[in-house]
Each structure stands twice: as C-alpha cells, then as structure tokens.
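K.L.:
Each protein sequence line maps, in turn, to chains A and B. Residue numbering for the first sequence follows our numbering, starting at 1 and increasing by one per position. Residue numbering for the second sequence follows our numbering, starting at 1 and increasing by one per position.
It is possible that part of the hints are untrue.
Once the Cα atoms are required to be at most 20 angstroms apart in a straight line, the calculated PhoX-like pairs of lysine-lysine come out as [said to hold, decoys possible]:
(1) B/Lys92 to A/Lys92
(2) B/Lys67 to B/Lys47
(3) A/Lys23 to A/Lys67
(4) A/Lys23 to A/Lys68
(5) B/Lys92 to A/Lys129
(6) A/Lys23 to B/Lys92
(7) A/Lys92 to B/Lys129
(8) A/Lys92 to B/Lys23
Each pair of labels, with its calculated beta carbon distance range [said to hold, decoys possible]:
(9) A/Pro65 to B/Pro65: 56 to 64 angstroms
(10) B/Lys47 to A/Asp74: 48 to 56 angstroms
(11) A/Lys86 to B/Ser170: 20 to 28 angstroms
Derived by calculation from the structure, the hints in this document are not laboratory data. Where is the CB? At the ideal position from N, CA and C, for every residue including glycine.
The residues making up each chain are set out below.
2 protein chains.
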Amino acid sequence: MDVKTLCLGVLSLGDASGYEIRKMFEEGPFAHFHQASYGSIYPALSKLLDAGHVTCTVKAQDGRPDKKVYAMTDAGLNQFRTALFKIPGADKFRSETLFMLFFADQLDDGHLAEIYDAYTAQYRFFVEKIRALDNTGLSRGRKFVRGFGLATYEGALRYMEDNRDHFLASAKGEGWRDMEALLECMEAETQDINKALAGGDK
Amino acid sequence: MDVKTLCLGVLSLGDASGYEIRKMFEEGPFAHFHQASYGSIYPALSKLLDAGHVTCTVKAQDGRPDKKVYAMTDAGLNQFRTALFKIPGADKFRSETLFMLFFADQLDDGHLAEIYDAYTAQYRFFVEKIRALDNTGLSRGRKFVRGFGLATYEGALRYMEDNRDHFLASAKGEGWRDMEALLECMEAETQDINKALAGGDK
DNA sequence: TCGATATATATCATTCTGATATATGGGGGC
DNA sequence: GCCCCCATATATCAGAATGATATATATCGA
Numbered sequence: 001m002d003v004k005t006l007c008l009g010v011l012s013l014g015d016a017s018g019y020e021i022r023k024m025f026e027e028g029p030f031a032h033f034h035q036a037s038y039g040s041i042y043p044a045l046s047k048l049l050d051a052g053h054v055t056c057t058v059k060a061q062d063g064r065p066d067k068k069v070y071a072m073t074d075a076g077l078n079q080f081r082t083a084l085f086k087i088p089g090a091d092k093f094r095s096e097t098l099f100m101l102f103f104a105d106q107l108d109d110g111h112l113a114e115i116y117d118a119y120t121a122q123y124r125f126f127v128e129k130i131r132a133l134d135n136t137g138l139s140r141g142r143k144f145v146r147g148f149g150l151a152t153y154e155g156a157l158r159y160m161e162d163n164r165d166h167f168l169a170s171a172k173g174e175g176w177r178d179m180e181a182l183l184e185c186m187e188a189e190t191q192d193i194n195k196a197l198a199g200g201d202k
Numbered sequence: 001m002d003v004k005t006l007c008l009g010v011l012s013l014g015d016a017s018g019y020e021i022r023k024m025f026e027e028g029p030f031a032h033f034h035q036a037s038y039g040s041i042y043p044a045l046s047k048l049l050d051a052g053h054v055t056c057t058v059k060a061q062d063g064r065p066d067k068k069v070y071a072m073t074d075a076g077l078n079q080f081r082t083a084l085f086k087i088p089g090a091d092k093f094r095s096e097t098l099f100m101l102f103f104a105d106q107l108d109d110g111h112l113a114e115i116y117d118a119y120t121a122q123y124r125f126f127v128e129k130i131r132a133l134d135n136t137g138l139s140r141g142r143k144f145v146r147g148f149g150l151a152t153y154e155g156a157l158r159y160m161e162d163n164r165d166h167f168l169a170s171a172k173g174e175g176w177r178d179m180e181a182l183l184e185c186m187e188a189e190t191q192d193i194n195k196a197l198a199g200g201d202k
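Build the full structure now, drawing on both the sequences and the hints.
P.N.:
Pasting the structure below:
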C-alpha cells in the first residue's frame, strides 16, 4: 500500500493539505498503525493531482502561510475503493527497543533499566490517552482500531509491569543457546507455517 | 538502527551467512519485531567486512551452493555494544489490515468479513506458535521478547474474538465525524504529549 | 529582542524494499 | 524418466520511503 492510497484514505474523510495529512499520521487516528513523511506525501499528492484523483485549491490565510487544500474526485474515490478491495499485506512491526532488550545481557544494568522504564512509560501513556478518547459518534472502523490498539497496548503494559523486577534482576548469561539451536527452532517453525497455510489459512 | 547493526546483533549469537541472517528476520526470533531483506543485508555485510567488523570464510557444501560464513571481530563487538548504548528510536507499526478495517464502511460486507477472519486467524496462529515455544534455557532477553509478543498478541486476539459479530453487524455510516473534528482531537493529543514529555518521561 | 515553536511547502541524499537474475540439487507427481 | 516446484545461496537494481534540511511567516514567552 503506497502513500498515494494512504493520502486518498485521509482525503476520503475530508479535504486537507499536505501538512494536515502528515499530522494524521504523526498524531492523528492513524498514528499507531501507519506513518508517512513529507518526503513521500508531497510527491504523492502531485502524482494524484496529475492523475486527476484529487483537485487542489490554494487558500490564503491570515497570520499563516498559504495552504494547498486537496479534495478527492470521483475518480479518486473509485481508485481508493479498488485499493481497499485487495488482500492486505502483512503487518510490519519494528521495535529498536525490543531488539535492544533481546540483547539485555550485553547491556549495562543502569541503561537496561532506563530503557525498560521509558518503554513502559510510553505504553502507559498510550493506554491512558486512548482510554481518554471519547468514542461516541465514531464510525465502527474508527471504534474498532481504537479498541484493538487499546487491547494490545494493555496486554503489553501489563506484561512489562508484572515482569520488570524479575527481568532486571535475573542473572546474565543464564542459559545460552547457540546459533545452531536457533536455526533448528526456525526450521520447525517453517514447517508449521507451511502446514497451517496448506490447511487453508489466509 | 541500520541493517549493519542488526547483522552484528545476529552475528553476536554465532557465525552465519547472509542467507541465514535473513532467515532470522523472516522466521527466526526477530521476525515479530524487525525485518530485513537481501537487498539490505548483503550490502551491509560488505560494508562490515570493509570496516573490519566481520570476517568472511567461504565454505563449500555438498549438494548445496557455496556459503559465505561471516564472523564478528572484536571491533565488531565493540561497535555493536556502542550501538546498544544509544537511546532506541520509536516503534514503528504498519498494518494495511487495520488501515482497511478503519474504512470498514467503504468495504463490501463479504470482503470485510474475509479480511477480519484472516487477520484473526493470523493472530491465533502466532499465539499458538509462541505458546508452543520451549523457553527453558533461553537468555532473559529472548524470554522477555517472547513473553512480550505473546501478551500483545493475546490482547489483540481476545479483542478480535470478542468483538467480531458486533463489528461486522453494526450499521454503516453510523456517527460520521468530519475532518475538523479529527484535527481538533489531534490538537488535544499534541498538548498531552508535550505536557507528558516536559513532565520527565522518556 | 532573542529563541523556540507552529504553520506550510518542497527537495534530496541515503537507505530500504521487493523483485528479479543466476545456479544447484532434492522431492513429489505422473 | 521427466518436469516443476521448492530450498539453498549470492547478488543487483529500479522504485519508493525516510529523515534531514531549506525556506518563509507569525506567535508566544523570557
């Protein structure tokens, strides 16, 4: 799913400028499951304009720079609905923090605790913020992703709170498995995946 | 965190080829919170070799193509530990499925149910697979990320199972908020974030 | 008055993805 | 026996995205 489609999605909710679209991915309702930067949004809007999927109106503002407000056309809506009808690609989760915590034994104790507590605080903040959101009057899709995010963050937060002291206190180097063991593990998983897919999933 | 650092992390667990490193991100212990493709791994290994952070030994195999086995040097280990001491960047989660489900009202009912059930099945599969993992003898870091992943997936799965029927059955277009309302919402969130960060978090 | 922050658009080097190319060998189906 | 698919293994590349930077204006607090 490219940024053009993401922009069309945002514009299906109402007219917006590139700056506003970016805010939707930075702090808005999409922030927790998608992101896009200026460097991809502005070129995407140019392409959408060329293709006739959006229109552009320059609006002068007092006390602020001019704004280019984009609006979706019928062709754009069709394009968006076509994209929505495809099979979605797999989720992609990237966490530098979890990668670091994986290598806890290589880290200094103070730094490890610092990272752990900052990560916990972040999740606690997200949970509180999403809980505080008023979900009356929202579309079912918006309600669903809100609940989904809350449920996952709550699961993660509870785990981190429950396991903090034991994790930070447990001994370094206990139980060390080598590369061969990891690769064997993986082979077993591969077979499972193949079996599951052959069984009819996805 | 660039792919060079990710490769060093894998190599800190034992010697490996580019192909094997890729498997670690595709199906191995890192699969659920990081990914890297050949197109980034092979160039990264070349750069690490030039920098003296790894060594390379070509190994002939019977019945299989030759293998380039990479091993971390002392300089490489130092480099990796330096990278681990930095403040980790923010998590990045991207889900095309959640983006589509956000726009549930734009989707055909059959397709919506299909996407929902496939997504649920995927999470159920992950939960079962991680539960089945033998965690005895693993390092505390490995144990932690396993538990973390399980807790988040369980939270998401429970939510999807509990809300399926209500979500799919609820009426289209109920409660429609416009762009202005979304942007107002965001402004409130921004202030919260600033307050929280000023308060000492992270 | 100075610096920081917010609004707003735009560009670009670097990086990463996803696809493709190349080569070998094993296993299953017919 | 033959064909096709899959797994192993390395490498490259077009296209896309990131993160940083440049530019300009206005507000707010110190």
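K.L.:
Which numbered hints are broken by the structure, listed smallest first?
P.N.:
none
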